[in-house]
Amino acid sequence: MNQELFTINNLWILVATILVFIMHLGFAALEAGMTRAKNTVNILFKNTIIPAIGLITYAFIGFNLMYPGEGFEGGFFGFAGLGLSLPEGWDTAAYDEGYTFFTDFIFQAMFAATAATIVSGAVAERIKLGPFLFFSFIYVGICYPITGSWVWGGGFLDTLSTPFVDFAGSTLVHSVGGWGALIGAYLLGPRIGKYKDGKINAIPGHNLPLATFGVFLLWFGWFGFNGGSVLSADPGEVSSVFVTTAMAAASGAFGALLASYLKFKNYDITMVLNGILAGLVSITAGADLMSVNEACIIGFIGGALVVFSVVFFDKVKIDDPVGAISVHLVCGAWGTLAVGIFGDLAGGAQIVSQLIGIVAIGAFCLLFSFIVFFILKKTSGIRVDELEEVEGLDINEHGMHAYPDFATKE
Amino acid sequence: MNQELFTINNLWILVATILVFIMHLGFAALEAGMTRAKNTVNILFKNTIIPAIGLITYAFIGFNLMYPGEGFEGGFFGFAGLGLSLPEGWDTAAYDEGYTFFTDFIFQAMFAATAATIVSGAVAERIKLGPFLFFSFIYVGICYPITGSWVWGGGFLDTLSTPFVDFAGSTLVHSVGGWGALIGAYLLGPRIGKYKDGKINAIPGHNLPLATFGVFLLWFGWFGFNGGSVLSADPGEVSSVFVTTAMAAASGAFGALLASYLKFKNYDITMVLNGILAGLVSITAGADLMSVNEACIIGFIGGALVVFSVVFFDKVKIDDPVGAISVHLVCGAWGTLAVGIFGDLAGGAQIVSQLIGIVAIGAFCLLFSFIVFFILKKTSGIRVDELEEVEGLDINEHGMHAYPDFATKE
Amino acid sequence: MNQELFTINNLWILVATILVFIMHLGFAALEAGMTRAKNTVNILFKNTIIPAIGLITYAFIGFNLMYPGEGFEGGFFGFAGLGLSLPEGWDTAAYDEGYTFFTDFIFQAMFAATAATIVSGAVAERIKLGPFLFFSFIYVGICYPITGSWVWGGGFLDTLSTPFVDFAGSTLVHSVGGWGALIGAYLLGPRIGKYKDGKINAIPGHNLPLATFGVFLLWFGWFGFNGGSVLSADPGEVSSVFVTTAMAAASGAFGALLASYLKFKNYDITMVLNGILAGLVSITAGADLMSVNEACIIGFIGGALVVFSVVFFDKVKIDDPVGAISVHLVCGAWGTLAVGIFGDLAGGAQIVSQLIGIVAIGAFCLLFSFIVFFILKKTSGIRVDELEEVEGLDINEHGMHAYPDFATKE
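Chains as they are written, first to last, in my numbering: chain A, 31 to 440; chain B, 31 to 440; chain C, 31 to 440.
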């Protein structure tokens, strides 16, 4: 590769890095907007500290767990050592065939924190801050890079006879976060008052402009998340990924709009917002493989799925304030499967491989997060006490209000 | 063109695409912030679904209406068929001399929805959701691409003996939206209480930080809107467009500040915000042609113009909650004319061509939107009933509040 | 340099320009969020008009003051004339060895306004609008470019036997703003009620999601602020700067979290937010020189420092509503010194040069802003009257409320 193309490719991955970075603000806004004003500082605090956790742990542990390097091929676990060491020629076209070592690291590091951010939404409004931060540290620092190494690091899922395919992380990023979210929400139990006398009481988000902001920023950043995952600025590939990503998001909005209108007979903005995210998560595994029509179908199904999934989790009384499990776990799995169905790869064998990957990674994440949350539950405890939950986590864990000048309704 | 330049050009248009995308969030924030809290969900809903409408309609109809292809030259109407079909060599330097087919499509698709977004602001707080969505679908899917084809698609305005010039869409995008906005606001009539007993009652926006956010995001995105319209990463042209765009925006702020201070003797943030947008709309038609000084003059005049225009439309009782008609229609026309005045093109002949374009496109859009809105008015109705308007569209059309935790004033 | 690399470099600086632009929204959001609802319009107004001031003054005066051109080498003051004049070959690879004249100008122009934005935060909630705008005009138009010329323009600090080093402006941008902030806050005196009966009364910010938004946007933009200061798209250098910038921000968050937890025993989101900014300001002077570990140390110390600094300024009763002096002046100085300590440059001689630069620029800015603010104080006055301050600047200076639909607490 010549210096010019090396420079262009490198530049695009760096720009994509910035775009993925701002997704953390998107998550912060979405989660804060979809929950109550009394817990806003708590959510902002978590979502501000999470990217910092992600960057630090990924530099010192994660990157070398995820990319153990030579000899790892086909493996389950490998570790290339603590901290980053710059390989010879790291900043030349020779390194990694397209971008520098530091570009490689920082793009991946921005992805890493996403796993914990997803969990954050599902456990909002009732989890203790300390245990959540502890969970985030080791989920991002250990669990995420290990399952990541199985595919992107060249591990056993990448060396199946029909390799498991996950372009930008429907499973490796979104479902990984989604499994942690599921376990967290399950072990915590629902928020006080959510399920009472056999009825489901909606607890509306306190700031829908903020939630809308969040979703737009996530869509904005997703062009970097998927587009940067091309790992070059190849004109055909990147533009194709942009188109599939945008069309899936748009179709997801319509899928959710239709499903929620048929089900609830109203125009529910929160469903449309989650539908957009559902479309985006769904296309992520195969954004480089799909035609325009396929992207529309995959996104539309994802958007509809999220509505039914939200209803389902409420029925089984798993309380997920922002719908994170439905968006990231359910649609992450759907998108990963869709690669086998639509991706024009190895047919039935591909579907089997996709299922193997979903199950293997799901099992590991389930176990990992169950053990961590369970130990935390039995030691420090994971749930704030009742009074604190009723009064709000902001005043109790942080000693401040998010909006001290405004009168509240209660 | 070699592969390196092809890749750079393509990358820049894709980055510009992302920037134009985020303008939809800018519009959502601006329009929500400039209206009342009780209608916020409604506005967010419209502005969230509009880019989805834009992407879907543009893929299936709009793109091929706007660029009918060979044989259309000089025409009024052409259609290259439903859906996108990838031309041979679409992802090579040979295609379109500078970027891929998909890049071409997605950049244009992000522009498309803007027309409906502009309308959305002017008809806010009183239009029925269903009819508005219907209007958006066909305005974005049919009207916008047809008038677009007259210039950018090589139609009759592009083949005048002195061709009509509109670099990035002062007329083709902003005025098109503005005409729809004018007709919509006119046919709906003013909001209850706006004009009473011969007096104009200002109805203040409920969230000025949100409105400010919106304008900054629009300015941010405009670097892509205008900068991407260079259709290459040519260093001289793109940097020149960046400078004229930024200087016009800054000068628009001062134009509006001065005009509003002289007129009202106060420092009105909403006028300054609209002044920035006015400067941006005004420079859009000739951003590639102007010097720094010319950009300042054009932007300053645009900024002052918007103040007088807002006053004028209130005088004739056309109620435009966010000033969309003044910003996009009036300044769109001004910017288009300014190309003839300052653009160092064909002198008087150019001014005549600019007027022909403004009038031709205006007439078509007026007629188109009048017919659509009129039919909707006579069938489904376009205005919510009085009680619904007073209580707010959020609770009546969407069954939810944007800020359920906060106490409101009334 | 060939056309391809010229185009890539130029493109990256332009993208960086957009990123620096959006930092102005970041400042607006941070400052509005950290102050009271009754002064929000005033803050938004100032932060909206400041980038406009920056662009206009920089085009007509500042750029030519900062880069006086040939013959200035080693100088204190030079001026290349009013307005921008395009040099021969401004848009070719020959100009400036890497980007066009307009790219050079617009990237620098976006930096310029930052100095006034920083002041804006420290003097918030009590300064008169007119005098503040006057100060901004001449601080941005005259003071900032003169001190800038001493280093980036090739002036005397750049020609010391051991040249003063400030990569992207810890001193040249942030401390310059910080000195103006210090003088402004000192001459204005504290807000009513801040220090009463020997006690420090915290005046909490009214909208912490807004403040969080601001900090994330600043971090986002900082990738352009530092990354663009490489002045090329060189893969090794830009990616290295991205990594040090991100790691310092993350470490700053932890430094502030630890310091504030040890000091106050709570999880203070505002400290974490300022810690991120502290890390960013601290790394700015040496972002191109540091290893990952050094970036972490520098950022961590910056984050801790900001906590102690905020406490210190409260002790000496200098009331800085958003912590601007601590973040930009104190950490700006720390980051500049850190270049001498960690930068592997000229050892002790480098530390001496860094101190010379800090003191020389500090003395000039102190004097400049003292004279300007003092004259304003003795003529127009700089502080609003007591009633206006209590009622809020929004209603008194602007005649409007930021959130008219919501009930407030008082």
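Hints in this document: simulated from the structure, not taken from any laboratory.
A quick note: this is a predicted structure, and the numbers were derived from the prediction, not measured.
Heads up, a few of these hints could be off.
You can't tell identical chains apart in this list, so a pair holds if it fits in one copy or across any two.
[Unchecked claim] Using 25 Å as the maximum straight-line C-alpha spacing, the simulated DMTMM-like pairs for lysine to aspartate or glutamate come out as follows:
#1 K347 <-> E118
#2 K407 <-> D134
#3 K347 <-> D415
#4 K295 <-> D374
#5 K293 <-> D374
#6 K226 <-> E419
#7 K407 <-> E324
#8 K226 <-> D435
#9 K295 <-> E100
#10 K347 <-> E418
#11 K408 <-> D134
#12 K439 <-> E418
#13 K295 <-> E416
#14 K295 <-> D415
#15 K224 <-> E118
#16 K229 <-> E267
#17 K226 <-> E418
#18 K439 <-> E427
#19 K407 <-> E418
#20 K293 <-> E418
#21 K293 <-> D188
#22 K408 <-> E427
#23 K295 <-> E427
#24 K224 <-> D435
#25 K293 <-> E103
#26 K345 <-> E416
#27 K407 <-> E100
#28 K293 <-> E427
Status of each hint after checking the structure:
1. K347 <-> E118: neither (54 Å within a copy, 53 Å between copies)
2. K407 <-> D134: neither (37 Å within a copy, 54 Å between copies)
3. K347 <-> D415: within (20 Å within a copy, 39 Å between copies)
4. K295 <-> D374: neither (38 Å within a copy, 57 Å between copies)
5. K293 <-> D374: Classified as neither: same-chain Cα gap 34 Å, cross-chain 60 Å, threshold 25 Å.
6. K226 <-> E419: within (16 Å within a copy, 34 Å between copies)
7. K407 <-> E324: neither (44 Å within a copy, 37 Å between copies)
8. K226 <-> D435: Result: close only across copies, 21 Å inter versus 32 Å intra.
9. K295 <-> E100: Neither, since 56 Å and 46 Å both go past 25 Å.
10. K347 <-> E418: within (22 Å within a copy, 35 Å between copies)
11. K408 <-> D134: neither (39 Å within a copy, 57 Å between copies)
12. K439 <-> E418: both (18 Å within a copy, 22 Å between copies)
13. K295 <-> E416: between (35 Å within a copy, 22 Å between copies)
14. K295 <-> D415: between (37 Å within a copy, 19 Å between copies)
15. K224 <-> E118: Neither. Shortest intra-copy (57 Å) and inter-copy (56 Å) distances fail the 25 Å Cα cut-off.
16. K229 <-> E267: So K229 and E267 fail the 25 Å test inside a copy (49 Å) and across (59 Å) alike.
17. K226 <-> E418: Close inside one copy (19 Å), not across copies (31 Å); limit 25 Å.
18. K439 <-> E427: both (22 Å within a copy, 22 Å between copies)
19. K407 <-> E418: The answer is within: 17 Å in one copy meets 25 Å, while 49 Å across copies does not.
20. K293 <-> E418: between (35 Å within a copy, 23 Å between copies)
21. K293 <-> D188: For K293 and D188, the Cα distance exceeds 25 Å both inside one copy (41 Å) and across copies (49 Å).
22. K408 <-> E427: Answer is within; shortest intra-copy Cα gap is 20 Å, inter-copy 47 Å.
23. K295 <-> E427: For K295 and E427, the Cα distance is within 25 Å only across copies (10 Å; inside one copy 39 Å).
24. K224 <-> D435: The answer is between: 16 Å across copies meets 25 Å, while 28 Å in one copy does not.
25. K293 <-> E103: The answer is neither: 48 Å in one copy and 49 Å across copies each exceed 25 Å.
26. K345 <-> E416: within (23 Å within a copy, 38 Å between copies)
27. K407 <-> E100: Cα proximity of K407 and E100: none, with 39 Å in one copy and 69 Å across.
28. K293 <-> E427: between (39 Å within a copy, 16 Å between copies)
Hint compliance for this structure: hints 1, 2, 4, 5, 7, 9, 11, 15, 16, 21, 25 and 27 are not met, and every other hint is.
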